[in-house]
Amino acid sequence: MKANPSTMDHTKAMKTMTNPKVRRPSRRGHSTTDKVVSAGLAAAACAGLVGVIAVRTTQDAQAADAQAATEVTDATLAASTTSTGLTQAQLDQYAAQLEAERLKLIDYRDQLALAAASLNGATQQTAVPTAKSGAAIKTPSAKSAKAKAKAKAKAKAKVSAPAQQQAQPQAQAPAPAAKPAPRPQAQVQQQQAPRPQAQTKSS
Amino acid sequence: MGASATSVLSMDPVKASATRTFRAMGTDCELIVYGSGADELVSMGAHRVELLEQCWSRFRSTSELTHLNSLAGTGPVSVSEDLLTLVDIMLEAWKATGGLFDPTVIESMNALGYDRDFASVIARDAIAAVTAQVKKAPGMSDVVIDEESMTISLPAGVGVDPGAIGKGLAADIIVEELMNAGAEGVLVNLGGDIVFAGSPGSADPWVMAILDERLPLDVDNRVVRHLEFEAGTDHGAVATSTTLKRVWADGRHHVIDPRTGDVARTDLVQATIAASTGWWAEVAATTALLLGSEKAENWLDENELVHVLMTSIDLLGDE
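First to last, the protein sequences are chains E and P.
Residue numbers for the first sequence follow the numbering used here, so the first one is 1 and each next one is one higher.
Residue numbers for the second sequence follow the numbering used here, so the first one is 1001 and each next one is one higher.
Hints were generated in silico from the structure; no laboratory data involved.
For clarity, every value in this text was computed on a predicted model and none was experimentally measured.
Please note: incorrect hints may appear among the correct ones.
Said to hold, decoys possible - Listing some non-contacts, in silico: residues in chain P with all C-beta distances to chain E over 12 angstroms: (1) Ser1120; (2) Gly1139; (3) Asp1257; (4) Arg1259; (5) Arg1265; (6) Gly1292.
What the hints assert, rightly or not - To be clear about the criterion: a stretch of chain E counts as covered by chain P if any three or more of its residues have a C-beta under 8 angstroms from a C-beta of chain P, and this derived list gives those stretches: (7) 100 to 107; (8) 113 to 120.
By construction, the Cβ of each residue, glycine as well, lies at the ideal position given by its N, Cα and C atoms.
Can you build the whole structure from these sequences, using the hints too?
Below you can see the structure in the form of structure tokens.
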């Protein structure tokens, strides 16, 4: 804990007041002056003792406060750490972020619905769930089921070799001559090569 | 533009179209929309990519997926529709492939050093390779999805990685939403995971050029096959998985075998699959690589998936 400057000052004062030179009784005579001085010193010593006690009391109180504060902080931390190992603050932050993403998705779907409406009229609008209904957020099963069902459908694709002007693999191709004969291609195109919309690329 | 460049060469001038290219999900992305309102829809599609990435990214500390993974072992966690859909499809894919597609390889993936976006992995790799301690993937068997309450429970120590399914599924979602909004045709290409629907601005078919990833990038033409799909298709997809890309350290690559937790040891270096959805094409491509050429042929035939497989030395099969 960072030291309190005022506390340090009090500590210096305490050390000064507990210096034996100050507390030791004078060995010189007992003149009136001496008595006055002694009485003054005694009063000062008492005042100092009171000050020391006050300082210690203050320090104890501060230490107790600090300890109590530490205990409270620990308790707060313990209470806010959830069973997931995350603090409540972290979970709250995540929830806020998730909500922001949800709103973005709603906004996206709203815009899509508007685009659909302008493009295709009201009949198409129903094809895109509206955000206000919340249907798009809460009904995943339909999409999942559709995606699954589609996967079972056979793709109606045909494979063809690129035509002559679509150059064959160059000489740098890894040992193309060593390959076994390719399987018969049912639909090899001999005419001009089709023009592809896209090229594959590994992911 | 990079190797994922999409060339729109058969655009009908009568039909409006719009194209948007950008970087997202750690890769090159391209969206093409045909029909009136294409400009607006293509912008919305790009925005949707960002929304999905924010939800699903395992490289963003603030993503919902990262949060879900961090709460593994703590019981049901409330999730959004998009995240529920992702994990639901992951589970479906895991079951359909007998566990060969396994998104719970994330721990091994991280251990092997692929614990951040790939550009950062490469940058770090130049400094020091990561020591890998891999183990068999835990699998999805104890993952509990409750669609009614919109919650997901991950067992302790289990996380999910959308790497081998997320882009395909994202493309599926975007294509479907834009088609529902009134587009006449949509193509979404997220790093080579391509999904399309409707018509490409004319009665011409959708044509995808398959690149041979074995060929050096400076080869003039790396196209080895074309895949054609009829115009007006409800939903079509092509995805490629390869061990030749995203390679780092001592030959490590991003295709992890869940049976060992280590990088896949396979004679196949590239699998390109055509399917009716992007996620299924992507899953099938990964599964084919893991199976190896011989078993992959059988598995793909059983699942009626059009495919092009390539080994390190030859072109094995197509149909």
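Status of each hint after checking the structure:
1. Ser1120: 18 angstroms, holds
2. Gly1139: 19 angstroms, holds
3. Asp1257: 17 angstroms, holds
4. Arg1259: Fine: 22 angstroms to the nearest Cβ keeps arginine 1259 of chain P off the interface.
5. Arg1265: 18 angstroms, holds
6. Gly1292: It holds; glycine 1292 of chain P is separated from chain E by about 16 angstroms at its closest Cβ, greater than 12 angstroms.
7. 100 to 107: holds (count 4)
8. 113 to 120: holds (count 6)
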